[in-house]
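Asks: With the hints as extra help, turn the sequences into a complete structure.
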Amino acid sequence: MFDLEFNIRSWSDYLRSHGSFKNADILEMESHLRDEIDELTQNGLSTEEAFLIGVKRLGNVNQISHEFHKVNSEDFWKHLLVESKDPIESRKARTNIILVIAFSLFAGTLLKVPELFGMHLIDDSSMMFYFKNISLFLFPFVALFFMVNHVSSRKWKVAILSVFVITALIINVYPSFSPNSTELLTAFHLPILLWLVTGLAFLGKEWRSSRKRMDFIRFSGETFIYGVLIFCGLMVFILFSVMLFSAIQVDISRFTVEYLIVYGGSAVLMVSVYLVEAKKSVVENFTPILAKIFSPLFLMTMIAFLIAMLILGKSPFMERDFLIGFDFMLVLVLALVLYVISSRGLHDKANVHDFLNFALIVAALIINSIALAAILFRLSMYGITPNKVAALGENILLMVNLGGLAWLYSSYFMKKIEFQRLENWQTNYLSLYFGWMAVVVFLLPIVFSFR
Amino acid sequence: MEIAKDLVAASALPIVLAILKEDDSYGYSIIKRVKELSGDEMNWTEGMLYPILHRLEAQELIDSYWKESENGRKRKYYRINETGLKELEMQRNQWMTVHSALTQLWKTEKH
Chain A
1 MFDLEFNIRS WSDYLRSHGS FKNADILEME SHLRDEIDEL TQNGLSTEEA FLIGVKRLGN
61 VNQISHEFHK VNSEDFWKHL LVESKDPIES RKARTNIILV IAFSLFAGTL LKVPELFGMH
121 LIDDSSMMFY FKNISLFLFP FVALFFMVNH VSSRKWKVAI LSVFVITALI INVYPSFSPN
181 STELLTAFHL PILLWLVTGL AFLGKEWRSS RKRMDFIRFS GETFIYGVLI FCGLMVFILF
241 SVMLFSAIQV DISRFTVEYL IVYGGSAVLM VSVYLVEAKK SVVENFTPIL AKIFSPLFLM
301 TMIAFLIAML ILGKSPFMER DFLIGFDFML VLVLALVLYV ISSRGLHDKA NVHDFLNFAL
361 IVAALIINSI ALAAILFRLS MYGITPNKVA ALGENILLMV NLGGLAWLYS SYFMKKIEFQ
421 RLENWQTNYL SLYFGWMAVV VFLLPIVFSF R
Chain B
452 MEIAKDLVAA SALPIVLAIL KEDDSYGYSI IKRVKELSGD EMNWTEGMLY PILHRLEAQE
512 LIDSYWKESE NGRKRKYYRI NETGLKELEM QRNQWMTVHS ALTQLWKTEK H
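Here the protein sequences come in this chain order: A and B. Take the first sequence: its letters are residues 1 to 451, numbered as in our numbering. Take the second sequence: its letters are residues 452 to 562, numbered as in our numbering.
Hints are computed from structural coordinates only; laboratory data are not their basis. Because the structure is a prediction, the values reported are computed rather than measured. A portion of the hints provided could be inaccurate.
[Said to hold, decoys possible] With a straight-line cut-off of 20 Å between C-alpha atoms, the simulated PhoX-like cross-links for lysine-lysine are: (1) A/LYS157 - A/LYS212; (2) A/LYS56 - B/LYS486; (3) B/LYS456 - B/LYS486; (4) A/LYS56 - B/LYS483; (5) A/LYS349 - A/LYS416; (6) A/LYS349 - A/LYS292.
[Stated by the list, open to error] Have a look at the derived ranges for each label pair, beta carbon to beta carbon: (7) B/GLU519 - A/LEU229: 46 to 56 Å; (8) A/PHE294 - B/MET541: 49 to 59 Å; (9) A/LEU4 - B/ALA509: 49 to 59 Å; (10) A/THR95 - B/ALA509: 21 to 31 Å; (11) A/GLU39 - B/GLU511: 28 to 38 Å; (12) A/ALA102 - B/GLU511: 30 to 40 Å.
Quick reminder that beta carbons are idealized off the backbone N, C-alpha and C, glycines included.
Replies: So, in structure tokens, the structure goes:
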């Protein structure tokens with residue numbers, strides 16, 4: 001049975017990800033397509049035939065989007081910040097801009113509150129406090145922003161906000177004894193955990209939907225890139241301001257650290273989130289492009305490394321620090337693979353990027369297994385520490401994730417499964433990361449008596 | 452008979468404006484109207500019409516609004532405004548000049 005709604009939806013999704021269309025343009029074309037289909041079916045065609053002909057008449061996406069691009073590119077940035085024509089949408093855009101400003105101010109002010117109790121951002125003694133808590137100051141506001149913009153139930157919202165509050169209480173009540181490894185682990189893992197909690201606010205009602213989870217992965221990558229770019233801008237601005245005032249012997253560096261960085265930093269995050277949210281349907285995402293550029297390069301280095309190791313007959317000299325290095329390699333490979341997948345249509349045929357992805361995963365897994373064998377041997381000699389447990393747990397988690405992807409990829413190449421299965425595997429796997437991060441943040445400190 | 456690309460492009464603007472002067476309309480119905488007016492000789496593509504509509508809107512010759520049809524489908528309607536009417540009048544004068552020149556030439560040719 002031909003599902004017209006499903007097909008129209010995947011068609012408009014395709015336009016969204018492949019063209020330079022505004023959301024209103026896509027709605028307009030969708031209603032055009034429906035009119036076309038109505039007329040064709042009245043003339044005696046089946047819905048399937050009518051759909052195919054209608055889509056064909058609307059034309060080659062590249063061609064249309066090229067034409068559209070001429071119209072849209074001029075006010076490309078403008079329309080992110082200036083109100084759109086649709087009254088409902090423009091009201092929404094205005095409230096969102098106000099929210100962004102308000103939340104940046106709130107987050108910045110919240111960061112200043114501990115100063116009342118003598119905890120200064122630049123003091124060595126309170127550095128750890130800020131490091132550990134930074135995500136708690138910022139992410140709740142991002143979550144609130146999503147709650148306003150995405151559909152979710154009241155219960156869901158309350159639950160997410162309580163998670164933030166409870167987490168804040170727990171991690172600050174936990175003591176920390178020298179050498180403070182568990183506290184450092186918390187500081188590193190809490191942002192990941194809380195970002196996933198923020199993701200739950202992003203997903204809202206559709207938190208189980210694989211497509212929506214993939215959207216969140218896409219969203220995170222774009223926000224990261226926007227954030228880095230805007231942050232660079234902020235740095236240039238601060239350096240410029242300090243330099244300008246130093247010309248008249250006024251030192252504003254203390255002011256910039258205490259105010260510009262605190263408020264500017266909060267604003268960078270909120271603005272990036274807002275821009276990515278607002279432009280969702282406007283431009284081709286940038287992260288997949290970066291991923292496609294770098295994945296062949298990473299693949300070459302990794303293969304070269306393997307060959308060099310074989311020829312020289314050197315087994316890698318492994319220490320604990322290297323384990324973290326290899327975790328990092330796996331994270332990178334996973335990110336490259338994921339973002340290449342994220343820009344891919346579900347029904348596309350297997351292309352060169354899919355084979356590159358597969359090769360990248362296999363190379364990473366081989367290197368990691370060799371490394372892991374060497375490291376495990378060394379680890380067993382010195383007993384377990386919290387750091388080792390965390391690093392090892394992550395390594396195994398990532399390996400299983402990539403292994404699963406490689407396995408599914410190969411069955412996909414053999415045409416045994418649909419590509420959807422790969423996405424489902426990845427989006428379901430996110431729950432495991434969530435679980436492990438929670439274990440590291442909440443359980444490991446207790447197990448290792450807060451040392 | 453295939454109408455030359457340049458001619459299609461040049462005539463698109465006055466045709467769109469004149470159709471909107473008759474009544475507010477949306478993309479799909481504009482394409483049908485053009486087809487009907489030209490006795491099936493002119494088949495505009497969507498890839499050509501929508502960019503024109505959006506450009507006219509950006510130049511503030513026409514306005515747009517969303518309206519629901521009887522069957523609940525949301526359509527983007529376009530409406531010509533004062534500036535648009537003035538532009539159409541100007542276009543009309545230009546086309547009439549060209550038209551009368553050609554008519555005279557072709558009339559004398561017949562005799």
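Asks: For every hint, state whether the structure bears it out.
Replies: Structure-based check of each hint:
For a cut-off of 20 Å, the pair hint linking A/LYS157 to A/LYS212 stands: about 18 Å separates their Cα positions. Between A/LYS56 and B/LYS486 the alpha-carbon distance is near 18 Å, which keeps this suggested pair within the 20 Å criterion. The straight-line distance between the Cα atoms of B/LYS456 and B/LYS486 is roughly 16 Å, inside the 20 Å bound, and the hint therefore holds. Restraint check for A/LYS56 and B/LYS483: satisfied, since their Cα atoms lie roughly 17 Å apart, inside the 20 Å limit.
Of the pairs offered as hints, the one joining A/LYS349 and A/LYS416 holds, with about 13 Å between alpha carbons and a cut-off of 20 Å not exceeded. With a C-alpha separation of about 17 Å, the suggested pair A/LYS349 and A/LYS292 falls inside the 20 Å cut-off, and the hint holds. Checking the proposed 46 to 56 Å range against B/GLU519 and A/LEU229 shows it is violated: the Cβ atoms sit about 41 Å from each other. As the Cβ distance of A/PHE294 to B/MET541 is approximately 54 Å, the hint placing it in 49 to 59 Å holds.
Checked against the given bound of 49 to 59 Å, the beta carbons of A/LEU4 and B/ALA509, roughly 33 Å apart, lie outside it. Checked against the hint of 21 to 31 Å, the C-beta distance between A/THR95 and B/ALA509 comes to roughly 25 Å, which is consistent with it. Separated by about 32 Å at the C-beta atoms, A/GLU39 and B/GLU511 satisfy the suggested range of 28 to 38 Å. Judged by the Cβ atoms, the range 30 to 40 Å given for A/ALA102 and B/GLU511 holds: they are separated by roughly 33 Å.
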